[in-house]
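**Q** So the sequences go chain by chain: A, B and C. The letter at position 275 of the first sequence is residue 278 when you use this note's numbering, and the numbering goes up by one with no holes. The letter at position 68 of the second sequence is residue 71 when you use this note's numbering, and the numbering goes up by one with no holes. The letter at position 203 of the third sequence is residue 206 when you use this note's numbering, and the numbering goes up by one with no holes.
A portion of the hints provided could be inaccurate.
Each pair may be met inside one copy or between any two copies, as identical chains are not told apart.
[What the hints assert, rightly or not] Okay, derived cross-link-like pairs now, PhoX-like style, lysine-lysine, Cα gap no bigger than 20 Å in a straight line:
1) Lys-212 / Lys-185
2) Lys-306 / Lys-326
3) Lys-212 / Lys-251
4) Lys-37 / Lys-212
These are computed hints drawn from the structure, not numbers from a lab. If you're wondering where the values come from, they're calculated on a predicted model, not measured in any experiment.
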Amino acid sequence: MGARLVGDADCIISSIAVLQDAQPGSISFLSNRKYRKFLKTTRASAIILGQEFLDDCPANALVSDNPYLVFAKVAQLMTAPPAIEAGQHPSAIVAPLAQIDGSARIGPGVVIEGDTVIGARVDIGAGCVIGAGCQIGDESRLVANVTLCHEVTIGRRVLIHPGAVIGSDGFGLANDDGVWVKVPQLGAVCIGDDVEIGANTTIDRGAIKDTVIGDGVKLDNQIQIAHNVEIGAHTAIAACVGIAGSTKIGSHCTLAGGVGVVGHLDIADHVHFSAQTLVTRSFTEPGHFSGNLPAVPTNVWRKSIARIRQLEETTKRIKNLEKQCWKKPSKDPAQDV
Amino acid sequence: MGARLVGDADCIISSIAVLQDAQPGSISFLSNRKYRKFLKTTRASAIILGQEFLDDCPANALVSDNPYLVFAKVAQLMTAPPAIEAGQHPSAIVAPLAQIDGSARIGPGVVIEGDTVIGARVDIGAGCVIGAGCQIGDESRLVANVTLCHEVTIGRRVLIHPGAVIGSDGFGLANDDGVWVKVPQLGAVCIGDDVEIGANTTIDRGAIKDTVIGDGVKLDNQIQIAHNVEIGAHTAIAACVGIAGSTKIGSHCTLAGGVGVVGHLDIADHVHFSAQTLVTRSFTEPGHFSGNLPAVPTNVWRKSIARIRQLEETTKRIKNLEKQCWKKPSKDPAQDV
Amino acid sequence: MGARLVGDADCIISSIAVLQDAQPGSISFLSNRKYRKFLKTTRASAIILGQEFLDDCPANALVSDNPYLVFAKVAQLMTAPPAIEAGQHPSAIVAPLAQIDGSARIGPGVVIEGDTVIGARVDIGAGCVIGAGCQIGDESRLVANVTLCHEVTIGRRVLIHPGAVIGSDGFGLANDDGVWVKVPQLGAVCIGDDVEIGANTTIDRGAIKDTVIGDGVKLDNQIQIAHNVEIGAHTAIAACVGIAGSTKIGSHCTLAGGVGVVGHLDIADHVHFSAQTLVTRSFTEPGHFSGNLPAVPTNVWRKSIARIRQLEETTKRIKNLEKQCWKKPSKDPAQDV
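Isolated chain A (complex conformation) (with noise of 0.2 Å):
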């Protein structure tokens, strides 16, 4: 597990909790500070925490410097799910051509079009739709009422979350004379091993080359991926961000929470972006970019807003001042601030 083991070996642990509800026969886990004050309390039998936590820690240690790594391990140890049991659902309705391997399970009312092939212990729960050409690596799972349309590829280990859609049409318009003309949308979805991707994300096929999302990467819910975005691999992208067109994202990239990115733009590997934040050009160098505005009170709010659209006439009565003074701001003023 990576943790270094600090008390009784012969421990046993049958439970998983957080640590103001641990029983005795609990595991749990300490790596955000704020709970650190939990410590006093807990009932759990064993601890998996950072080295600065130990001396306050009043049962088994487990020491890591990546204690919720170690938790994660430990975690799915002791939660393995069953083995699926293979076999079609007599209600699901799968084409003839499609070629689907003895030891996959598809679920209820599950419909599977074409020539779509999946692959062995790959599990596609309740209400799934799969059109046709579709792959599917194996030991994927679609979890229920997910939809991929024709020409997706899923890779191996995928976790697919209810509500995703993968494969629609991408947003390519052409403007006649004020009408909008569709682009056909001739593309696919190719996705790495390792993926998962959340709730209600939906993630666009190509226009003419495919949309490519890389192994290891993680979306969760509510993302939106354009037409031909190509995401790196092992990024991370939290809830309710969208990706515009042909943009793409390097490799070992965070996105946090709503952040928006336009079209048509390069990010480069280990970029950050936090939460809220608009990327409307491209970033060629690692480092964590912002642009968004935390909540204060409204009233506060209301009279910065008022200041920051004086701006344009503050900067002017700063430099009829100057004038007026006579004296040129110095060179560097740097050190006078």
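Dock chains B and C against the given chain A, drawing on the hints supplied.
**A** For chains B and C alone, coordinates are given in the frame of chain A:
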């Protein structure tokens, strides 16, 4: 109804209409001053309105301090839905262990898994998928194509609109040297009585403890509620809001459309956020909070952004001027403004 | 096609590709200057482009002022979908009172309720649920897993992508001493001809009157249209936009991604809002409007926010300086800047 009648108590009302479309026999209402102009020409037979509009009312009046509330009650009275037809549609697929009250309606194409319990007079519309271990309280309604994952508890008289997904995995990820490792989401979702959940809204299950939605909470469309969020009773949240993990929202709050709230915050009761505001810290007192930028002409806004970008330099110029002018700013210059 | 041929009129075209992937026999296009560099090495046999790129074109050229429009028409010509196979899938559940045109296709698992009317050559994809009292005009297509609630009217040649929900209840609530009371939503939704509606977009029914989407309107994914909104003809709205109740948007408008529009506004024809802009007042004249904050490095942005917070104080310091310098600012200092 809580209104005072001014006019003919024997007037027969047979329809509901807005002021400008009303016909004899219609009842209408006026609560937004913007629509006052329609009083002059309306043909409505009765109008629910505030005292301040009574002098201009050309019809029978129902006078109230809260005309919109009176209208809600009148409309409920006049449009009570017919009783549901109990029974399971032959196309529904209901697991043998599920307990379905005899007065419930299970619509066409519905899938109910495992040991789920469905209460009295519950109405499950076409295409809904309900996972194992769920409980749905009496008189709740899932309109159509709603997905409940496993172990979701729904109270009484809850109304859930199409496309909503409740109980999907929270976005729990630990980083293992650049690769994201899934943290199993072991909690559930618990939804109180009299809750309304809008179309395509998503509510994730908790990581260890549950995600909790209090009694009387009203959620509009396309809202994202992350794992372990708690929302207090009678809070109303408008469309396109996202609330990140482990944040607690108090009771009787309102969040306007597009608000984003980051994770691990505590928001007190009676807190109100205006549209598109980003909430990055806890608010422990009631009040109204904002942080948004209303639209202005794009050429004006470009100058504003440039001036905002210069604020660091602008402050230095002011500092410099203050030094050149030899006199310090007075301690309390507020009286000068 | 509206283009001028420069080159060999007998060249046979068999495929569509982007410039960088084109092979002999491919047709490609160039409308975004960013991709001009690919002209040098492309193997395309024909390229649709503007006059300004003609000198650099290494292949047969179709020259147009609007190459993207010409491409749209060429692509439509080359990729016309096959005629649909009329008939109802045996798993579809169609109410006895529903009127389905004999040329329509009703896919697997579809549910059609009540007295709904389906026009000629309509294509209802797998898993769609259509409530009672709906009307769907000729040649419209619901791709899959679309939900229409009761009494939704859809025009001709409308295309609706998966997960879209049309006709869900508007968010109408009256407050009764802290408790929200539902206002019945008695209106319907009326959608014109040639509309496209993106994946997981939601359109609420009106409270009393209808929600109305004009002819030729194009809606991207994950858009929220609240009750009683009216959208004029040929307006295009990008993903993740939210429009609050009773707002009227004019014709030929464009709303970029993530825009929010508050309720009860009037937006004129030919109004354009840039990405993530919040619209809080009516705009009665055509034009471009903005209110967003492009991303910058987070450490720079933190200083900007601090300076914005200080603007009230900054203005006082300027006022103080003006008093100390004894001279008033000139009446029109604009010439000095």
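**Q** Up to 20 Å between alpha-carbons, please classify Lys-212 paired with Lys-185: within, between, both or neither.
**A** within (17 Å within a copy, 31 Å between copies)
**Q** One pair to classify: Lys-306 and Lys-326, alpha carbons no more than 20 Å apart. Within, between, both, or neither?
**A** neither (28 Å within a copy, 22 Å between copies)
**Q** Classify it for me, Lys-212 with Lys-251: is the Cα-Cα distance of at most 20 Å met within a copy, between copies, both or neither?
**A** within (13 Å within a copy, 37 Å between copies)
**Q** Treating 20 Å as the Cα threshold, decide for Lys-37 and Lys-212: within, between, both or neither.
**A** For Lys-37 and Lys-212, only the inter-copy Cα distance (17 Å) is at most 20 Å; the intra-copy one is 47 Å.
Consistency note: the structure conflicts with earlier hint 2 alone.
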